[in-house]
Amino acid sequence: MSLRRFIAVRVAATIPILFGVSVLTFALVHLTPGDPIDQMVALNPQISPAEEAAIRARYGLDGPVWQQYLTWMSNVLQGNLGTVISVDQPVLPYIMARLPETIALGLFGWAIALLISIPTGIYAAVNKDTLGDDLSRVFALSGISLPNFWLGLMLILVFALWLDLWPVLAPDKPLLSAEMLWYLVLPGVTIGTASSATLMRVMRSSMAEEMNKEYVTAARAKGLPERTVVLKHVLRNSLISVTTIAAFLTASIFAGAVVVEQVFAWPGLGRAFVGAIIGREVDLIMAITLFTGVTIILANLLADIMYAVLDPRIRYD
Amino acid sequence: MALLEVEDLTVNFYTEEGVVTAVDDLSFRIERGEKFGVVGESGAGKSVTALSVMRLIEEPGRIESGTVRFDGTDLMEMSESEVRDVRGNDIAMIFQDAQTALNPVYTVGEQIAEAIRHHLDYDDAAARDRAIRLLDDVGIPEPAARYDDYPHEFSGGMQQRVVIAMALSCDPDLLIADEPTTALDVTIEAKILDRLERLAEEYDTAIQLITHDLGVIAEMCDRVMVMYAGRAVEKATVEELYYDPKHPYTVGLMSAIPRIGDGQDRLQTIPGTMPDLVEVPSGCSFHPRCPFAEEVCTRKQPPLVDPDTGEGVGLSDRAAACLAYTGDLDNELDYEVEVRGRAEQPEDGQPDPRVRRPDSEPVRTDSDPVGLDTDLLDQNDDGEDDAGGLSDG
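These protein sequences, in sequence, are chains A and B.
Residues in the first sequence are numbered consecutively from 1, following the UniProt record's numbering.
Residues in the second sequence are numbered consecutively from 1, following the UniProt record's numbering.
Since the hints were derived computationally from the structure, they do not count as laboratory data.
Glycine residues also receive a C-beta, built at the ideal position from the N, C-alpha and C atoms.
You may find that some hints are simply not true.
What the hints assert, rightly or not - Covered by chain B, according to a simulated footprint, are these stretches of chain A (three or more residues, beta-carbon under 8 Å): (1) 217 to 231; (2) 302 to 314.
Said to hold, decoys possible - Simulated restraints on C-beta separations: (3) B:42 / A:134: 32 to 38 Å; (4) A:185 / B:125: 44 to 50 Å; (5) A:309 / B:125: 22 to 28 Å; (6) B:76 / A:134: 27 to 33 Å.
The shape of chain A in the complex, shown without the other chains:
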């Protein structure tokens, strides 16, 4: 009951956040000069100023910014996310066609990040200041330092070109096919690496901190095997801070997707986002931004629920 209430309150609290995000994004988009009509006119010099003004008026681009915002907002509240002007298509189906691709990529990257970071973080914490710990530190530092686009290109070079294990470009198949899932590995690894580096360091430090607690000595004093001590007693306590960071990383995973989809020619939202920015597609930029905002807020909500699952002292009532 109380958890349901907590979730309801949290979801309600996202409304002002989303409102703020929309105002900021809208303002920022309009601070950059140019709109889709400018590009249209540049490509079709025969369009007269009168026609140009008519097109602007048709897409509601002629009023002052605040008026445009209010129009956009009232449309959104009525379920109309606007139009992708360059293809003259509604935003919603445009996004929905690309959303699963990005979700699949994000989840895959996230899973890879967790799969790499939790075991190595545990290993590094248990074997503190040994060679393995140092190696994991080097890996983490490299993972954080390597730009996504470079890592992606290198993976393509080595695994797709030299070893010929993957196609260089994504095959044009439905998402849930063996070929597409196989293709997902390289971009997934690219996205996961940077996040896993951060997560691993957090895992290691929170685990190392927990290892110094007295309940660990107490568990050892009971004669429990070291594996039980670490994986039962210490791990659950250290996962609390990892959960925070994992939720936090949702944002950077989406940011990573923008670059990685570009590098791997992955037909997802990230690539659409880059296209939208280049084409000044206000409605599309706004919709993707709001969608990202909602995703990040949901991820943090999930983290809050995870806290309560992991730690009985945390209760939402």
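We have chain A; now place chain B onto it with these hints.
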């Protein structure tokens, strides 16, 4: 053969400031069913000794040398998995601060039952039953209902009872209690100690009681070892230690016990603090604080000897480590143990230290041993020490 025989135990910690010898050439023994007290200031090496006995010293600490024979077998020679079979099963430990010794994310019942399942091969249901019985034994009301509660739902005193139940879970032969009541207030302390004592009788368990509280020692123990800067400075039975302390440090500890009605304005203290263990003073490590120290004390480290014969003692019962007993000191240790009654009034309003320096008149009166002021502890354990234990579930 004693239950536990520790011989020549030395434990070093390799810190950035230098090598710290936390336990230096320590020997003692504990008999079956005996209650053995280890007393000393913070940092004297009491807890390190306890952890060494269970081989739980962690980096940067290392057990340099020594033997720890438990039931005739040297724990130092055992493999890690053999030692694990001893831990929690034959030797169990009660920790100082129950709040940190309990894992916050598991129920108290699970934390008791896991050792039972591990060592005694009980199935889940049997382990649960046994854990509930233990919770009942240590005086937790409604044990079956509280089994599934988490540590934070218990009060401090109740948490400590859980820790005791955890230690008793596999019916150990030796219980190492590391300041089991330091974190608790005095009235709860008395009840916990009383309960611990009764359970030790019931389960026929020997106790190594580590404390800095001489009152607790007097209440519970048979024999005592006084530690200073990692070494044993005196070993004696409780009576001998209180009526006839032999080491100047023990004498100082005794005179530092406050007593109701003795009219002192200030607490008698031992001047100075225990030395930094990275740079232990040369010779006798207590000499900078010792009122009887002579030049020789800065050079020669006193061995632990029989104070009557001046000869080395091994694991014997009565010993003190002071050069006064090896004939190296020019003067005598000049102090009087004042044994006096509770109603004694201070004379002419002067501070009235119980251990007198040579220049003042010792006063001898009737039969209460020095500092043995433990009547606060003589209370009944009726299991209702902390009502908070029930209200916040």
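Status of each hint after checking the structure:
Restraint check on the region 217 to 231 of chain A versus chain B: 10 residues with Cβ-Cβ distances below 8 Å, three needed, restraint holds. Requiring three or more residues with a Cβ within less than 8 Å of a Cβ of chain B, the coverage given for the region 302 to 314 of chain A holds, as 4 such residues are present. Checked against the hint of 32 to 38 Å, the pair residue 42 of chain B and residue 134 of chain A passes, with Cβ atoms roughly 36 Å apart. For residue 185 of chain A and residue 125 of chain B, the Cβ-Cβ distance of about 46 Å falls inside the hinted range of 44 to 50 Å, so the restraint holds.
With their beta carbons about 25 Å apart, residue 309 of chain A and residue 125 of chain B fall inside the hinted range of 22 to 28 Å. Take residue 76 of chain B and residue 134 of chain A: their Cβ atoms lie about 31 Å apart, and the range 27 to 33 Å holds.
Of the numbered hints given earlier, the model fails none.
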